[in-house]
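Chains as they are written, first to last, in my numbering: chain A, 1 to 115; chain B, 1001 to 1114.
No lab work stands behind these hints: they were computed from the structure. The model shown is predicted, which means the values in this text are computed figures rather than measured ones. Where a beta carbon is used, it is the ideal one built from N, C-alpha and C, also for glycine. Check each hint, because a few of them may be wrong.
[What the hints assert, rightly or not] No farther apart than 35 Å at their CA atoms in a straight line, the calculated lysine-lysine pairs in the DSBU-like style are these:
(1) A:K15 - A:K62
(2) B:K1055 - B:K1078
(3) B:K1101 - B:K1078
(4) A:K15 - A:K78
(5) B:K1109 - B:K1055
(6) A:K11 - B:K1106
(7) A:K11 - B:K1109
(8) B:K1055 - A:K15
(9) A:K16 - B:K1101
(10) B:K1055 - B:K1101
(11) B:K1101 - B:K1070
(12) A:K15 - B:K1101
(13) B:K1055 - B:K1106
(14) B:K1106 - A:K16
(15) A:K62 - A:K78
(16) B:K1109 - A:K78
(17) A:K78 - A:K11
(18) B:K1109 - A:K62
(19) A:K11 - B:K1101
(20) A:K16 - A:K71
(21) B:K1106 - A:K62
(22) A:K16 - A:K78
(23) A:K71 - B:K1101
(24) B:K1106 - B:K1070
(25) A:K62 - B:K1101
(26) A:K78 - B:K1106
(27) A:K78 - B:K1101
(28) A:K15 - B:K1109
(29) B:K1109 - A:K16
[To be verified] Now the stretches of chain B that chain A is said to cover, found in silico as 3 or more residues with beta-carbon under 8 Å:
(30) 1039-1050
(31) 1081-1095
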Amino acid sequence: EAGVVQSPRYKIIEKKQPVAFWCNPISGHNTLYWYLQNLGQGPELLIRYENEEAVDDSQLPKDRFSAERLKGVDSTLKIQPAELGDSAVYLCASSQNMRGGDTQYFGPGTRLTVL
Amino acid sequence: AQTVTQSQPEMSVQEAETVTLSCTYDTSESDYYLFWYKQPPSRQMILVIRQEAYKQQNATENRFSVNFQKAAKSFSLKISDSQLGDAAMYFCASAQGGSEKLVFGKGTKLTVNP
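Just chain A, same shape as in the assembly:
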């Protein structure tokens, strides 16, 4: 079974430029998550999708961040414009969502560097 796929693995951009990250969850997983992981910290949830619906986006900075999950499978996270403080690792995870406390499976992440 293929794991969670993310691309690109690394991205370097100038500040004020746009950037997008892509995630393909494990087949059959209805719930998809985007996390932000700063250096030396644990991941923090940005947004959670149940199928196509964003059910928890309270931590997503909506002035510059946006996300979508069309057709309830792949998802894209976008930042426009990027700021220096956005340099971090962006992790995608998925779970079956059969019940609460489901195990989340993580992708390898995208390391963003904003210059």
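Dock chain B against the given chain A, drawing on the hints supplied.
What follows is chain B alone, placed relative to chain A:
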């Protein structure tokens, strides 16, 4: 609100020895789940072990086991017969029942010395 605290930023252990990583948590819910995730330098987070709060029996997975002290809100991870491949960041996390939101601690960096 949930909080997870890992008080050991770094730990080290000799190969084949046993090490225990500490974690405390706080939640107002009675239905919750606890997890230990491992993140090697390649960055892919991998589930190590999962504990359901309503189960009194401590979870075990091969060389990994937990000491779940519900009253003390403590959830430590014991790694027996440590191997070089165990070197990684270890994150403790909690999720309230009915919510898929994982709250992570800041992590413990484990070094395994040959």
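How the hints compare with the structure:
{"no.": "1", "hint": "A:K15 - A:K62", "result": "holds, 18 Å"}
{"no.": "2", "hint": "B:K1055 - B:K1078", "result": "holds, 18 Å"}
{"no.": "3", "hint": "B:K1101 - B:K1078", "result": "holds, 25 Å"}
{"no.": "4", "hint": "A:K15 - A:K78", "result": "holds, 14 Å"}
{"no.": "5", "hint": "B:K1109 - B:K1055", "result": "holds, 28 Å"}
{"no.": "6", "hint": "A:K11 - B:K1106", "result": "holds, 24 Å"}
{"no.": "7", "hint": "A:K11 - B:K1109", "result": "holds, 25 Å"}
{"no.": "8", "hint": "B:K1055 - A:K15", "result": "violated, 49 Å"}
{"no.": "9", "hint": "A:K16 - B:K1101", "result": "holds, 30 Å"}
{"no.": "10", "hint": "B:K1055 - B:K1101", "result": "holds, 20 Å"}
{"no.": "11", "hint": "B:K1101 - B:K1070", "result": "holds, 20 Å"}
{"no.": "12", "hint": "A:K15 - B:K1101", "result": "holds, 30 Å"}
{"no.": "13", "hint": "B:K1055 - B:K1106", "result": "holds, 26 Å"}
{"no.": "14", "hint": "B:K1106 - A:K16", "result": "holds, 29 Å"}
{"no.": "15", "hint": "A:K62 - A:K78", "result": "holds, 10 Å"}
{"no.": "16", "hint": "B:K1109 - A:K78", "result": "holds, 31 Å"}
{"no.": "17", "hint": "A:K78 - A:K11", "result": "holds, 13 Å"}
{"no.": "18", "hint": "B:K1109 - A:K62", "result": "holds, 33 Å"}
{"no.": "19", "hint": "A:K11 - B:K1101", "result": "holds, 27 Å"}
{"no.": "20", "hint": "A:K16 - A:K71", "result": "holds, 30 Å"}
{"no.": "21", "hint": "B:K1106 - A:K62", "result": "holds, 25 Å"}
{"no.": "22", "hint": "A:K16 - A:K78", "result": "holds, 13 Å"}
{"no.": "23", "hint": "A:K71 - B:K1101", "result": "holds, 22 Å"}
{"no.": "24", "hint": "B:K1106 - B:K1070", "result": "holds, 21 Å"}
{"no.": "25", "hint": "A:K62 - B:K1101", "result": "holds, 19 Å"}
{"no.": "26", "hint": "A:K78 - B:K1106", "result": "holds, 26 Å"}
{"no.": "27", "hint": "A:K78 - B:K1101", "result": "holds, 21 Å"}
{"no.": "28", "hint": "A:K15 - B:K1109", "result": "holds, 31 Å"}
{"no.": "29", "hint": "B:K1109 - A:K16", "result": "holds, 34 Å"}
{"no.": "30", "hint": "1039-1050", "result": "holds (count 7)"}
{"no.": "31", "hint": "1081-1095", "result": "holds (count 3)"}
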